[in-house]
Amino acid sequence: MNAVVLKKGCPELLGFPHIVEFASKKNSTIQFNSFKPAAAESLRLYYILEGKFEWFIEKQHYILYPGDLAIVLPGQLQGGEKGFLDIGALAWLHVRLEQLEGSGKMVPGSWSSLTEKESKAIGKILVLNTIPVLSKFKEAGVLFQHLYHELLNQEIGYSTRVNHLIDELLILVARQLTRQNSSRRDFPQTFMKLEQTLRENLGHQWTLEEMAAMVGLGTTAFSEKVKSFTGFSPLNYLINIRISEAIRLLKRPDVNVTDIALDTGFYSSQHFATTFKKLTGYTPSEFRKKNLPNK
Amino acid sequence: MDCFITIDLGTGAVKVSAFNPHGKMLHAMKGSYPTFHTRPDWSEQDPEQIFITMLYVLKNFLNEKIHPKKYKVVSICFSAAMHSVMTTDRNGVPLGNAIVWSDNRAKQESQELRNTEFGNMLYNATGTPIHPMSPLSKITWIKNHDPERFRQAQKFLSIKTYIIQQLTGEYIIDHSLASATGLLNIHSLKWEEEALRFAGITPQQLPALVPVFYSTAKLRREYQSSLNLPAGVQIIAGSSDGCLATLGGGIRGEGKATITIEDSGAVRVMGKKVLKDDKQRFFNYLLTEDSYVSGGPTNNGGAVFEWYAKQFGVFKRAFDLDDSMETLMSDAAKVPAGSGGLIFLPYLQGERAPIWNADAKGVYFGLNIQHEQPHFARATIEGILYAVYSIGKTLEEHRVIESLCVNGRFASLPFWTQLIADIFNKPVSTKIDADSVAVGAFLLSAINTGIYKNLDEAAQTVQLPDTYKPKKSQHQIYKKHYAIFERLSYKLFDEFKAISALQQKKG
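Chains as they are written, first to last, in the numbering used here: chain D, 1 to 295; chain G, 1001 to 1507.
Think of the hints as simulated: they come from the structure by calculation, not from any bench.
Hints are supplied without guarantee of correctness; some may be wrong.
Straight line, CA to CA, 25 Å or less: simulated DSS-like cross-link-like pairs of lysine-lysine [as the list claims (entries may be wrong)]:
hint	chain 1	residue 1	chain 2	residue 2
1	G	K1155	D	K289
2	G	K1334	D	K278
3	G	K1479	G	K1426
4	G	K1334	G	K1426
5	G	K1479	D	K278
6	D	K278	G	K1426
7	G	K1426	D	K290
8	G	K1059	G	K1273
9	D	K193	D	K136
10	G	K1030	D	K290
11	G	K1030	D	K277
12	D	K277	G	K1426
Incomplete in silico selection of chain G near chain D, CB under 8 Å [unchecked claim]:
hint	residue
13	T1011
14	M1025
15	P1034
16	K1059
17	N1091
18	F1312
19	V1314
20	F1315
21	G1350
Keep in mind it's a predicted model, so treat the numbers as computed, not measured.
Ideal placement from N, C-alpha and C gives every residue a C-beta, glycine not left out.
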């Protein structure tokens, strides 16, 4: 890749309103205050080619080496640790997503061919991820190469290919994030991590795809593993956690039943009441009456 | 047809099984619940989640397997992992999570007590070795370190007590499970006053003591209707997983012992008398009034081999641990007995019987340049089984053991069973049906309804068809290696302590 910086408005990017910036840069001098931590609206991906970069991403300190990919979500602060860009070479892509909510709901935009379900799952993984650097991630470098060639050579089919490459980059990042978080050897441990995430986000309407993606498995393999490990299908396991948490809350007099239903991830208090009664034989309010002190 | 349901509240999962009156297992279903390790030595579980999981599995089990076939459920018999403690407030609401068997937070409480005269007196009275796992130590820990919870705690319960209370409204604990608390006098079958005083609690704060056959508690009406069970279904208090695995292993009588290896392991004998051991190396748990299950537990069973497979095994498919372990075992089978002089001490999680050393660690000893990966795989399994043998050997100081019966996921693997036969130099039988805990719970239920007269008659019905014969030549090799294993286990005492201190500082 030769040095190039394409910004919004460049002729190369005219067909790609969602690409805010694409660049490949060799930095051979230090310019003070050239790279202060700042936030942006776009999703920013940086692939390191040469050198060593010391950055802040969301106030955390990271050292990046060749082969590493940094992922900066919209709104996150990122910049050089000393306010400038270190000497070295890197490539980056800033892409504006139509939507990426704190809850993980992601809508890339009409350019993307990701399905709605998969966009949601990838968004959830991006939002829940706590380590913004994927190390030794050569596959991402290959995609950057392809993007570079497609954007600059503009051969027949390039506009389709560029959008596909960005989709592919998102998919690869999501897969790598889930793999980095588990050894792919220890299912119980991996499942415990997922369980903790589920508990911390119990109000979220988890789908099978999202849960499977969190541990880096396909939905079939994931369901099979969960079933043999826990005895439950993933969605039934989730109901199990929801009801257990609901029971704990029902035993506290200060939370009302509708809030409990929504906090524990049921669609409505009616849905909660039906599920609860089916399992325990009590409606939530009967159960509460039985367990609270007589006043 | 009549059917008998057993519910085992195990260390990580609940298992519901059903038997016909002839003792044939009809179906089984499980559901797991998580163990939380919020601090290094802590292991906790959420009693509400255990209850809901149990209810969920039971309901699915009845609806899918039992009701469609029109079975008539006669009774539901409970078994549970030992040593759990939970607290509830004056409304019966749990205060925090349950502290489960493997929790080691009460290290200091138990160390201070273990080698004192008072500690010895408690051990002789209660049958439970003084150890962090014992509810005696755990309650004492709560008193010392969480005074607010201690003050609010109206009751101190086992998880099984809570589950049965949720179903029936009664707070009960059977003598058998109670005999693993360190709080029950196993001779008088009453709460041991001295132990209670030490822990700072009163008998009113503990559940009512009942025999294992106690079955007059009634299932609440709501659960009768949601589970579609008859009003007369008997809820049997039952026993602990350890005692029931021994009963279900069919070894009641002279000259026999069972070896259970799941994640952890134990060697147990049954008899009409307790084992008296000056060094407090064994537990003596009560099954019924005239029968004791005695033996020693190891912390380092199959979990250690799983650890090895996770670190060094080959994973052809993501998370396929079973496949990885099978490959390792077939590698190990190609290496001769003794692993070319490579000896493994498996004390990755400290050790209980017989060395009772919480600081003990894992060691590969005797490495030379010829050793390859398969030697390690074999040495790892041999080391786990040497530790099991060391328990058996100390038991033999008190009892004659002529034959063994193995159960549990790991001990019943053919490769392991043959190794056990060779290392012990005794014939070993395995059961067709590996779940001895459920079988034991069924046998209690069957005695309860009069199918069998007593424990002896019940235990005799357990069939033990497969026998592995010891190979003399192999035993000679193991014997020589074991001698070194045993010396190392004690010799490294100071070094274990020193490295443990270093590791704790780092953590």
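Hints, verified against the model:
Only pairs whose Cα atoms come within 25 Å are accepted, and K1155/G paired with K289/D is accepted, the gap being roughly 21 Å. Between K1334/G and K278/D the CA atoms are separated by roughly 54 Å; this puts the pair beyond 25 Å, and the hint is violated. Of the pairs offered as hints, the one joining K1479/G and K1426/G holds, with about 13 Å between alpha carbons and a cut-off of 25 Å not exceeded. A threshold of 25 Å between alpha carbons decides the hint, and for K1334/G with K1426/G the separation of about 23 Å falls inside it, so the pair holds.
Our distance criterion of 25 Å between C-alpha atoms is broken by K1479/G and K278/D, whose separation comes to about 59 Å. A distance of roughly 53 Å separates the Cα atoms of K278/D and K1426/G; the hinted pair therefore is violated under the 25 Å criterion. The suggested pairing of K1426/G with K290/D is violated, with an alpha-carbon distance near 56 Å, which exceeds 25 Å. In summary, the hint linking K1059/G to K1273/G is not supported, as the alpha carbons are separated by about 41 Å, beyond the 25 Å threshold.
Under the criterion of a C-alpha separation no larger than 25 Å, the hint pairing K193/D with K136/D is consistent with the structure, at around 23 Å. Of the supplied pair hints, the one linking K1030/G and K290/D is violated, its CA atoms being roughly 28 Å apart against a limit of 25 Å. As the CA atoms of K1030/G and K277/D are separated by approximately 22 Å, the hinted pair is consistent with the 25 Å bound. Note on K277/D and K1426/G: the hinted pairing is violated, with a Cα-Cα distance of about 55 Å set against a maximum of 25 Å.
Below 8 Å, beta-carbon pairs count as interface contacts, and T1011/G has none with chain D, the closest being about 12 Å; its hint is therefore violated. Because the beta carbon of M1025/G sits about 17 Å from the nearest beta carbon in chain D, more than 8 Å, this interface hint is broken. Here the hint on P1034/G is kept, as its CB sits about 6 Å from the closest CB of chain D, short of 8 Å. Proximity of K1059/G to chain D holds as hinted, the smallest CB-CB distance being about 7 Å (cut-off 8 Å).
Of the supplied interface hints, the one on N1091/G holds, with its beta-carbon coming within about 5 Å of a beta-carbon of chain D, less than 8 Å. Hint on F1312/G is violated. Least Cβ distance to chain D is approximately 10 Å, over the 8 Å limit. This hint is violated: V1314/G has a C-beta 10 Å from the nearest C-beta of chain D, more than the 8 Å allowed. Evaluation of the F1315/G hint against chain D yields a held restraint, the C-beta minimum of about 6 Å falling below 8 Å.
Hint on G1350/G is violated. Least Cβ distance to chain D is approximately 20 Å, over the 8 Å limit.
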